[in-house]
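There are 2 protein chains.
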Amino acid sequence: MEINKIHDRIKGDLEKVNLLIKESLASDVELLNTINKYLFDLKGKQIRPMLSLISAKACGEPNDLTTACAAVAEMIHTATLLHDDVADNSAQRRGAPTVQNLYNPASSVLTGDYWLAKALSLIVKQNNPAVMGYFTKAVEELSEGELFQIQKASRMDTTEEDYYYIISRKTSSLFVASVASAVYSSGASEKQISDLSRYAYHLGIAFQIRDDVFDYMPDLDTGKMAGTDIKEKKITLPLICALKNCNTKEREEMLRFIKETDGDSNSLVFKTMEFVKRYSGIECAQDALGQHSRKAIEALESIKESEFRRELEALAMYVGNRLV
Amino acid sequence: MEINKIHDRIKGDLEKVNLLIKESLASDVELLNTINKYLFDLKGKQIRPMLSLISAKACGEPNDLTTACAAVAEMIHTATLLHDDVADNSAQRRGAPTVQNLYNPASSVLTGDYWLAKALSLIVKQNNPAVMGYFTKAVEELSEGELFQIQKASRMDTTEEDYYYIISRKTSSLFVASVASAVYSSGASEKQISDLSRYAYHLGIAFQIRDDVFDYMPDLDTGKMAGTDIKEKKITLPLICALKNCNTKEREEMLRFIKETDGDSNSLVFKTMEFVKRYSGIECAQDALGQHSRKAIEALESIKESEFRRELEALAMYVGNRLV
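These protein sequences, in sequence, are chains A and B. Its first residue numbered 1, the first sequence is counted upward by one per residue in my numbering. Its first residue numbered 1001, the second sequence is counted upward by one per residue in my numbering.
Hints are computed from structural coordinates only; laboratory data are not their basis. Hints should not be assumed to be uniformly reliable.
Here are the in silico distance ranges between beta carbons for each label pair [to be verified]: (1) B:1264 x A:310: 33 to 39 Å; (2) A:129 x B:1027: 30 to 36 Å; (3) B:1027 x A:287: 58 to 64 Å; (4) A:154 x B:1040: 17 to 23 Å; (5) A:301 x B:1155: 37 to 43 Å; (6) B:1061 x A:104: 44 to 50 Å; (7) A:44 x B:1257: 25 to 31 Å; (8) A:187 x B:1023: 43 to 49 Å; (9) B:1264 x A:2: 51 to 57 Å.
To give a feel for the contact side, a few chain A residues facing chain B, derived at Cβ under 10 Å [unchecked claim]: (10) 23; (11) 31; (12) 35; (13) 79; (14) 81; (15) 91; (16) 97; (17) 101; (18) 127; (19) 151.
Straight-line distance between alpha carbons at most 30 Å, and here's what the computed DSBU-like set of lysine-lysine pairs gives [what the hints assert, rightly or not]: (20) A:22 x B:1005; (21) B:1295 x A:22; (22) A:244 x A:191; (23) B:1234 x B:1304.
All of these numbers come straight from a predicted model, not from anything done at the bench. Just so you know, even glycine gets a beta-carbon here, dropped at the ideal spot from N, CA and C.
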């Protein structure tokens, strides 16, 4: 089952979600509406609201609260992209200029704040403490994860444990909130919420590893530039793996080289990619990716058999697929 | 009555607020704790939580919910400063380097997100829809006001009406939320909430005009650089006044000069300040400031006489005082 097919099958539900997002964001500030239209036109696969909707269908009956959860998930995600692009000074996303590049960093930061505020207003309107709890926790963890990554990048001492701490916060936390809130809204049992949260956690980890592997694959057309993590001295799983596979002397030399080389230098990206390739960093990261994809599927075991459960499995397999 | 004396009189209550802020922000990410400590050490006059506390005392009995409202007000304010400093690329605030300058823009954006998320978590914990409503509305309006200001700056067509639209959103909205939520928490009547909201609205307007006047007074030691608004082509009240007081030809020439001159050029700041001085822009803005300060005091008329009401009046007089 392809991701596009799954996407098509819940098109109607996703349209309701996107309508709610548009209605929630309407403003009388023209600049904001212009930027919002740009963001709608460039929207990605919308994996978070897809997960909200399919998970809710796998456990119960989606309703207006489910639609709101799915909308909030996508709105928070978009807010973090607008902020991350300023934080990372990114020029491109999804094959098009970022808002901070096309307009200016100020507009990107403030539009992100607006999306975040509107997302939280939309949750508040639902008047449901459990749903609020899921999402506020996710927003806290998102920024904590990003800041821990910056701290680690400045010291060049990211361990494998640190890496999982970072990605569980910066990626899995919103996956979990998207799924747990939606499943809860559909009237699922505690056990179902817990199982699907575990599914979302592992899927988020796999998703982020996949993204980090992409950064070491310059020949792939992902809509983003390869090599950006290493330019920002962010040490992700492929490099952590390679640093484990080489000897102590090579490890120290490589870390010193990354530390002392300017982020804009071509040789930094070239040499690091070459090092990761030599010490099988991508294969090793892909093994981890496969493990988390399998754990996500295992977490679904107690969920009753249905086309929706099969779609959740297919999404985990899609994310877990080897890229090379 | 001086502002410092008022501050001293509610020191104990403010300490409780600051303790709650610190507890709410505690993290296991070292970088975040380091930046937070820096922000605590440099905290300003904390006018928003002061207003929350004194307003609540003027109408009823402050309680734990009041402390939370005051903490949330200060946390949201700090989050917006962290974001504004990135948006405006500001080097200094309160006489010290900004976080985006001392660390990097990424840390400033993400720490702002963290403060915002923790503020909203703290509101959610109170489980009070009215209080949530006040603050989520404020956060939406803050970013809308800032974005409208950017839109207007890019087109150089800010009218007096636009100016009040901008500052009512970017400044008054959080003043109103700080006061209305706290007064509500103390068990005040609808009428008291409405009167004190009007007080906070006009005080916010006066406060922002004062700040915008400061930007045209290079000899004042405000902890910020004068002339930053005009460098960013933000047209504020002193300039709007001066443009009204000159003839059409001078107006067109001045607008063309600002539009065509590089933001980093010294002559931009020098010539604009000279123009504002020549056409009494500061005096005119100060008249408006005085009017809003008086309207704030008038809004207190139905509030029963007490030392707290006098403090609120004194704060409005302090903000409304002529600077030259």
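Do the hints match the structure? See the list:
Checked against the given bound of 33 to 39 Å, the beta carbons of residue 1264 (chain B) and residue 310 (chain A), roughly 60 Å apart, lie outside it. In this structure the hint that residue 129 (chain A) and residue 1027 (chain B) lie 30 to 36 Å apart at CB is violated, the actual value being about 23 Å. Roughly 32 Å separates the CB atoms of residue 1027 (chain B) and residue 287 (chain A), a value that falls outside the hinted 58 to 64 Å. Between residue 154 (chain A) and residue 1040 (chain B) the CB atoms are about 22 Å apart, so this pair conforms to the stated range of 17 to 23 Å.
Here the CB-CB span from residue 301 (chain A) to residue 1155 (chain B) is close to 59 Å, at odds with the stated 37 to 43 Å. Evaluation of the 44 to 50 Å hint for residue 1061 (chain B) and residue 104 (chain A) yields a pass: the beta carbon distance comes to about 47 Å. At about 44 Å, the CB distance of residue 44 (chain A) to residue 1257 (chain B) disagrees with the hint of 25 to 31 Å. Between residue 187 (chain A) and residue 1023 (chain B) the Cβ separation comes to about 35 Å, which falls outside the hinted range of 43 to 49 Å.
Our hint of 51 to 57 Å for residue 1264 (chain B) and residue 2 (chain A) holds, since their Cβ atoms are close to 52 Å apart. This hint is violated: residue 23 (chain A) has a C-beta 14 Å from the nearest C-beta of chain B, more than the 10 Å allowed. Residue-level restraint check for residue 31 (chain A) holds (minimum Cβ-Cβ distance to chain B is 4 Å; threshold 10 Å). Contact between residue 35 (chain A) and chain B, as hinted, is supported at the beta carbon level, the nearest pair being about 8 Å apart and thus within 10 Å.
With a cut of 10 Å, the hint placing residue 79 (chain A) at the interface with chain B holds, because the nearest CB-to-CB distance is about 8 Å. Taking 10 Å as the C-beta contact cut-off toward chain B, the hint placing residue 81 (chain A) at the interface is violated, the least distance being around 12 Å. A cut of 10 Å between beta carbons decides the hint on residue 91 (chain A): the least distance to chain B is about 15 Å, and the hint is violated. Checking residue 97 (chain A) against chain B: minimum C-beta separation of about 17 Å lies over 10 Å; hint violated.
Given hint, residue 101 (chain A) at the interface with chain B, is violated; its Cβ is 14 Å from that chain's nearest Cβ, farther than 10 Å. The beta carbon of residue 127 (chain A) is positioned within 10 Å of a beta carbon in chain B (closest approach about 6 Å), and the interface hint is therefore held. Checking residue 151 (chain A) against chain B by beta carbon gives a least distance of about 4 Å; that is within 10 Å, so the hint holds. Annotation: proposed proximity of residue 22 (chain A) to residue 1005 (chain B) is violated, straight-line Cα distance about 48 Å (limit 30 Å).
With a C-alpha separation of about 38 Å, the suggested pair residue 1295 (chain B) and residue 22 (chain A) falls outside the 30 Å cut-off, and the hint is violated. Our distance criterion of 30 Å between C-alpha atoms is broken by residue 244 (chain A) and residue 191 (chain A), whose separation comes to about 38 Å. At most 30 Å may separate the alpha-carbon atoms for a hinted pair to count; residue 1234 (chain B) and residue 1304 (chain B) exceed this at roughly 41 Å.
Hint check: violations occur at hints 1, 2, 3, 5, 7, 8, 10, 14, 15, 16, 17, 20, 21, 22, 23; the rest are consistent with the structure.
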